[in-house]
Amino acid sequence: MAITLTVNGKKHEVAADPETPLLYVLRNDLKLKGARYGCGLGQCGACTVIIDGKAVQSCDVPASAATGKAITTIEGIARNGKLHPLQEAFISEQAAQCGYCATGIIMAAKALLDANPKATEGEIRTALKGNLCRCGTHQRILHAIQRAAKELRQ
Amino acid sequence: MSTADTSPRKLPGSLNANRQLDRWLRINRDGTVSVFPGKVEIGQGILTALSQIVAEELDVAMGRIRLSPTDTSYSPDEGMTSGSQSITDGGAALRYAAAEARDLLMQRAAAQLGVSLEQLSVTDGTVTARSGGSVSYWDIVTDDLLAREATGDVPPKPAAQHSVIGAAVPRRDIPAKVGGVPSYVHDLDLPGMLHGRVARPPSYGAKLGALDEADVRAMPGVVALVRDGSFVGVVAEREDQAIRALQRIKRIARWEEQANLPESTDPRFLLKETSEDEVISEKRDEAAAGRAAKTLEAEYTRPYTAHATIGPSCAMASFDKGRYTIWTHSQGVYPLRHDLSKVLAVKPDQITVIHCDGAGCYGHNGADDAALDAALLARAAPGRPVRVQWMREDEFTWEPYGPAMVVRLKAALDANGNIVDWAEELWSNSHSTRPGAQKGVNLIAAWHLAQPHEPSPPRNPPLPGGGSHRNAIPIYEFPNQRVTNHLIKRMPLRVSALRALGATANIFAIESFMDELAAAAGADPVEFRLRHLKDPRARAVIETVAAKAGWKKGEKGDGSRGRGIGFARYKNGACYVAVIVEVEIGNEIGVKRAWAAIDAGLVINPDGLINQTEGGLIQSVSWALKEAVQFDRERVLTQTWDDYPILTFEEIPQIEVTVINQPDLPPLGAGEGAQGPTVSAVANAVFNAIGARLRDLPFTRDRVVAALT
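The listed protein sequences derive, respectively, from chains H and Z.
Counting from 1, position 36 in the first sequence corresponds to residue 36 in this note's numbering; the numbering is continuous, with no gaps.
Residues are numbered in this note's numbering as their position in the second sequence, beginning at 1, plus a constant of 1000.
I should point out that these hints are in silico values taken from the structure, not numbers from a laboratory.
These figures come from a predicted structure and were not determined experimentally.
Even for Gly, the Cβ is constructed at its ideal location relative to N, Cα and C.
A hint or two may mislead.
[Unchecked claim] Listed below are the simulated DSS-like cross-link pairs for lysine-lysine, each with C-alpha atoms no more than 25 Å apart in a straight line:
{"id": "1", "chain 1": "Z", "residue 1": "Lys1294", "chain 2": "Z", "residue 2": "Lys1410"}
{"id": "2", "chain 1": "H", "residue 1": "Lys54", "chain 2": "H", "residue 2": "Lys150"}
{"id": "3", "chain 1": "H", "residue 1": "Lys118", "chain 2": "Z", "residue 2": "Lys1592"}
{"id": "4", "chain 1": "H", "residue 1": "Lys54", "chain 2": "H", "residue 2": "Lys10"}
{"id": "5", "chain 1": "Z", "residue 1": "Lys1626", "chain 2": "H", "residue 2": "Lys129"}
{"id": "6", "chain 1": "H", "residue 1": "Lys118", "chain 2": "H", "residue 2": "Lys11"}
{"id": "7", "chain 1": "Z", "residue 1": "Lys1534", "chain 2": "Z", "residue 2": "Lys1553"}
{"id": "8", "chain 1": "H", "residue 1": "Lys129", "chain 2": "Z", "residue 2": "Lys1553"}
{"id": "9", "chain 1": "Z", "residue 1": "Lys1294", "chain 2": "Z", "residue 2": "Lys1553"}
[Said to hold, decoys possible] To give an idea of the chain H side of the interface with chain Z (calculated C-beta under 8 Å), a few residues:
{"id": "10", "residue": "Asn8"}
{"id": "11", "residue": "Lys10"}
{"id": "12", "residue": "Lys11"}
{"id": "13", "residue": "Ala16"}
{"id": "14", "residue": "Leu30"}
[As the list claims (entries may be wrong)] Here's a subset of chain Z near chain H, in silico, CB distances under 7 Å, partners left out:
{"id": "15", "residue": "Glu1237"}
{"id": "16", "residue": "Gly1311"}
{"id": "17", "residue": "Gln1619"}
{"id": "18", "residue": "Gln1639"}
{"id": "19", "residue": "Thr1640"}
{"id": "20", "residue": "Trp1641"}
{"id": "21", "residue": "Asp1643"}
{"id": "22", "residue": "Tyr1644"}
In isolation and in its complexed conformation, chain Z is listed as follows (with noise of 0.2 Å):
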């Protein structure tokens, strides 16, 4: 018998791996559906499109729906909720679930009420027969019902039918979020809670020397202190105490620091550094190379860059009879039970985690660390639950940043203003060092700790939706093209998943390159970009969204307003999107108006999209305009919002954002779309504006004022 015989068969999305349907789903007697998602809810309102789906494939009201947190003692695994893959992993899940569900109960009904089942209709679970009679999902379900493995046969409902998906329905967490409700993980307040804080060192390699120890203990509502090699924390009754302790910590601790990080903030860095070098895509024609009639070339940065979430991390954990129980906003609670349970020495079933909600992260920040720092402390007051909320300056100094990036590009025009050759380089870190991998662990205290253990190595996900390297393919058809992954594996700074990956700078350099390409061979930058497409879904979202904007062909900036585009299919196989703003130039860079169009396949919940492409473009001019983790040789420098300004509500631009649904296509990742297109387009528009070329992220007033000059 060979193997292909006796494996399993595919099922779609995270149902392939969490195969059981009451995994997923559970009928209730009392007229509720309880839906077991293992992605979780980051502010993108993930929960909201996955209850869509699974009342639309159900045929039940929305109010019926019952969400279970994540948590490892019943959650299905579905590994990280990261990578705009939230729909088409836990959403295709549940739809075929869903569907599956449906049928089994209409089998149930039509057995019944003795008819067959094309006789059936049903309304918010109840099912009648056309001859007269029906019966309720609540009243036929047993448990065993969906106690069984799935098995992907029964086909979700065509686009015609949908109902639910496809409807802006508002967001079910919104109520009680803007009610001062409490809704995070930060919000949690357990009956004998204590309060954590743990101080950190103030640079990466920093190793505890002296610290007196009793000075602390003695200190008003102090229960614990925690000393574990370079690893410091605090337990108090209070958390203003707890405070206090920490800062005394701070004033009296003694620290060894090295001076080991890069020389300057400029990613040039990076071309110095030892890499792994890979070709990922070649194409050769010679006889086009041929007709190069003109090159151009350019290098492109981005710096280091925070998630700044508004809230600092926060866990709260519980220590009880050799058992612990985690409560984080982590985007894998399997994961980082995983690490968890390396670093505490115990059976990852002697770990409950369970996901609460946090503040925005887009991406790796600290909520893992601060979960192992929670227990940690949580291990000196057996019996009692410790919540730790990080510092502002925690947050800021030991977040991993989206990594400092270099792009270079050459390319050659031939005589009719047509690109024949395209090449392209690019340096960074790994952008994925997030908790859950086999060997090592990726927490921060378990760097710290007397016995420490090793980070896991950092992981370059693979192309085609690719790490460092996402979206550094180009989409456009160009007759010759080589690009090269310069993969460095040395991170003086701690880095990770910041949203979008590498797509940020890569797609900011593409486009940006495009334009320059552009204007070198005389042409209109969005005719420019169509004459080099082909794929109709790109083709659309480009004249979308110049009609949208009444962009003009050929239109110039007037000295002080400029408008550009920019445009990406997101991993070279989500979301399209085409983005033009509208800059204005005084004393600094303004952007004034935005237009976004974007095609991401079936839509689940319209005004979520809209929604998530309004935030990803205003952080993505955020980005452009203003930030930059700054450093000098042995520490982060940047530890409040005064070194880390964002965009403020005085420098929001208008936007309208046009959605262009296709129903009978599949859904595609739409999280992470906004930011490649954006940058490129505020950076495209100051071209337009003022004829200054930026290259370098983000546009300050003096590589604006350097640009021109």
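Pulled out of the complex, with its shape left as it was, chain H reads as follows (with noise of 0.2 Å):
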């Protein structure tokens, strides 16, 4: 059966089945390795993706459920080639250790931002409470976050 999904402004035929978890069809039939597989529950926030402006955990929605709407990858925020000032703080500040939940969590931080320009470093942390990580890189992550929405506002 073939599911249409827009992802990163692009329209994709996929032949997959419906109910199929959105982070497989991205990660294998659209070779967009960025959302990670951590949990298939809904409970760590690897796989977290925008859709429709919301952050949402691509393990726990099947690929029909995201039809017709917009899905956005972290392949798919840079712009002109540029990283996006999320990535580029995570850089500066050096905000990972192993990295595996760090694209989850700056499409969290995103969907953050995009709603919420001037979230408090209390918003940003109720924001990433569904996105664990373990090697315990969080004050980075924070001060990730906040670098990049000061830029973000200028």
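Please assemble the complex out of the two chains, which come individually in their own frames, going by the hints.
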């Protein structure tokens, strides 16, 4: 069966069972590997993408539920070959150890800052409560997001 | 002739076992330098630090360094990347190899320019003579230059000449990782790739009974079903198809289970087990013992603790014409190959094991097991690579946990509040069941095959580093002490190396007990520690962290807030770390702020060191407050993040790390130094805040309430 998905502004026809979690379609059919499998249960946030402006755990959404919606993945946030300010800030703050959770966190942070450019540290922490980091890089990640928020407001 | 005369001389670090210079380094005519590390990146930034070492010693820009993935077809065999030893083993090897390579290049340049060595200087690989004239490494290098055994005779640069070592060089791998570029073994996507899943037994000893194989084979996309004893796995064209087939197998397979797990999750079951007992430290001073005026006793425990990686283990394997190629995030490609060759019944040289980055592992997780899973499934689909991704519950239920431990302490104070006697006993399994042992195989699937392999006997790494007894011997100066290790061989739950091994529980016990003794002596915890410490570096980290935190002598909590300190020298021979934390106790314990001071000798990359220390601190706060693996008599019940909460963004403290650099001293392992000090600082802060002494990890709300009543 074919599903039509709009990912990073481009339409794709995918031959997949409609119940297939969006994550596997992104990774295997569209070869977008930046959203990552962590739990398959919507508990850790490693697979976070943005659907119609909202941060969504793509392991927990059937691909068919995303048809007709605007899906943005980490691969779609750079502009004109330049990394998104959030990505730049993660590099400036060296806000990664293993980095496996980083793309999901960046997408959750982007959804937050798009909706609330003046998010406080408390609001950022709350927005990220569904994103787990096991290496303990949280403090740097918070600094990076605040740095990017400042950059984006200018 | 004596054997001493014929044995090769000892070379620094891993250079000793891998003596050819070109095994480590190659200077290329295109202006690059190839580096072949045997240690692997596990999120600790080691490849950046090793690049810094090579760039420094060779006098080339960082941008010229090309790191080759660790691969059994060409990399030096450096065993495991573990125990905070990569800088001291692999770093030392590359430091001396690069220094010697530079020396060989300089000699060649001197000959070509017709000047003496003293006339030469190097900038980014260009060698210039004082009298004019220059050549570059890239012009004068030939393949034979480094095709020789290292002598170890060329000393590395003194610290005063360092410009790259000691600099906060940004990590090489972060731009790709935050850019969403495929970076992990999980992201590999090879032509013709199939997807595999293994249906693990529901409990450790379960035996597979009835399974309608035809039913599974008939499912959409299924290419192969592999059943061998109690090992059962499926291979499918699409990943979602493999998962559906897995779910189907889980529904229809019949298993025979046993009830052989401990009766309770309380680690005290260890006290009743048969143990191998050894006194590992003993000092007697009868006169001092005679001054004992007050005696204290306490017992501390740590539960089984999960590595709980964010990315469940993953591997790719292909089987073609009798040869295997395996892509893995294992911490040791050679030890893994050793075990794989036994199970697959082929010679090691018929298996190529290639390292790819994985999610942070924090010790021995499912990485190696997934590699064998992939190989067994690839054998059923020759010529096509098979990617095996463990599900979340596979990782939680089958990873080898950090062992449960019990530590009992007894000490005596004299009338002046000095410790005059110290007795300590600890009970634990081994902390090392990694692959690569001579006997047996330490890979799950091998135990489940129709012709199973026995697990290798557990190893307890010897002191001074130690395994279960890591950091069991206090580094405080006591006139009398006796430390007894009770090593328990029976392992009802699968266990192995979790970051810091036994050090976490041993330091938790020692540092909590030091606080209890300080309180009994009416002394300030900082002053009390210093009173029993002579090592100036140990004293310096404690004094530094106390100053940074603004510690006030005798400071008391206010009934909800309080602060506590913890200190250790990791492995009694690696980095020194002292930690102060501030807790706030409401419904739960919250850690609000933390200060750490670390002395790791010569620092290669200060930002990397700070990142590791912050991370170790946060992970340890999570262990302290939340983590324990749950099980009943038959099964491990910890399957998802709901069953095993870890610290979240809403709960992390604000952290300040101070590095005490010692550029003229050797670098000390530093990836695991914060664990024990942090856990004990939290316990001590809770006591300081509300007067409740918590001796059982984790410090849940129930335990706080129990300790108060």
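Within a Cα-Cα threshold of 25 Å, do lysine 1294/Z and lysine 1553/Z meet the stated pairing?
holds (23 Å)
Between the alpha carbons of lysine 54/H and lysine 150/H, is the straight-line distance 25 Å or under?
Distance ~21 Å between lysine 54/H and lysine 150/H Cα, so the pair holds.
Next item in the hint list is glutamine 1639/Z. Is there a CB on chain H closer than 7 Å to its CB?
Violated - the Cβ of glutamine 1639/Z stays beyond 7 Å from chain H, reaching only about 10 Å at its closest.
Are lysine 129/H and lysine 1553/Z close enough, with their CA atoms no more than 25 Å apart?
Since the Cα atoms of lysine 129/H and lysine 1553/Z sit roughly 37 Å apart, the hinted pair is violated (cutoff 25 Å).
Min Cβ distance, tyrosine 1644/Z to chain H: is it shorter than 7 Å?
The hint is violated - tyrosine 1644/Z has no Cβ within 7 Å of chain H, the shortest such distance being about 10 Å.
Quick one, are lysine 118/H and lysine 11/H close enough, alpha carbons at most 25 Å?
violated (33 Å)
Chain H contact restraint for glutamine 1619/Z - C-beta distance below 7 Å:
holds (5 Å)
Would you check whether aspartate 1643/Z satisfies its interface hint, that is, whether its CB is within less than 7 Å of any CB in chain H?
violated (10 Å)
Can you verify the interface hint for asparagine 8/H: is its Cβ closer than 8 Å to any Cβ in chain Z?
violated (11 Å)
Is lysine 1294/Z close enough to lysine 1410/Z, meaning Cα to Cα at most 25 Å?
holds (11 Å)
Has the given pair, lysine 1626/Z with lysine 129/H, been kept, meaning a C-alpha gap of at most 25 Å?
holds (16 Å)
Does tryptophan 1641/Z hold up as a contact with chain H if the rule is Cβ-Cβ below 7 Å?
Holds, because the Cβ-Cβ distance from tryptophan 1641/Z to chain H comes to roughly 4 Å (cut-off 7 Å).
Hint check: violations occur at hints 6, 8, 10, 11, 12, 14, 15, 18, 21 and 22; the rest are consistent with the structure.
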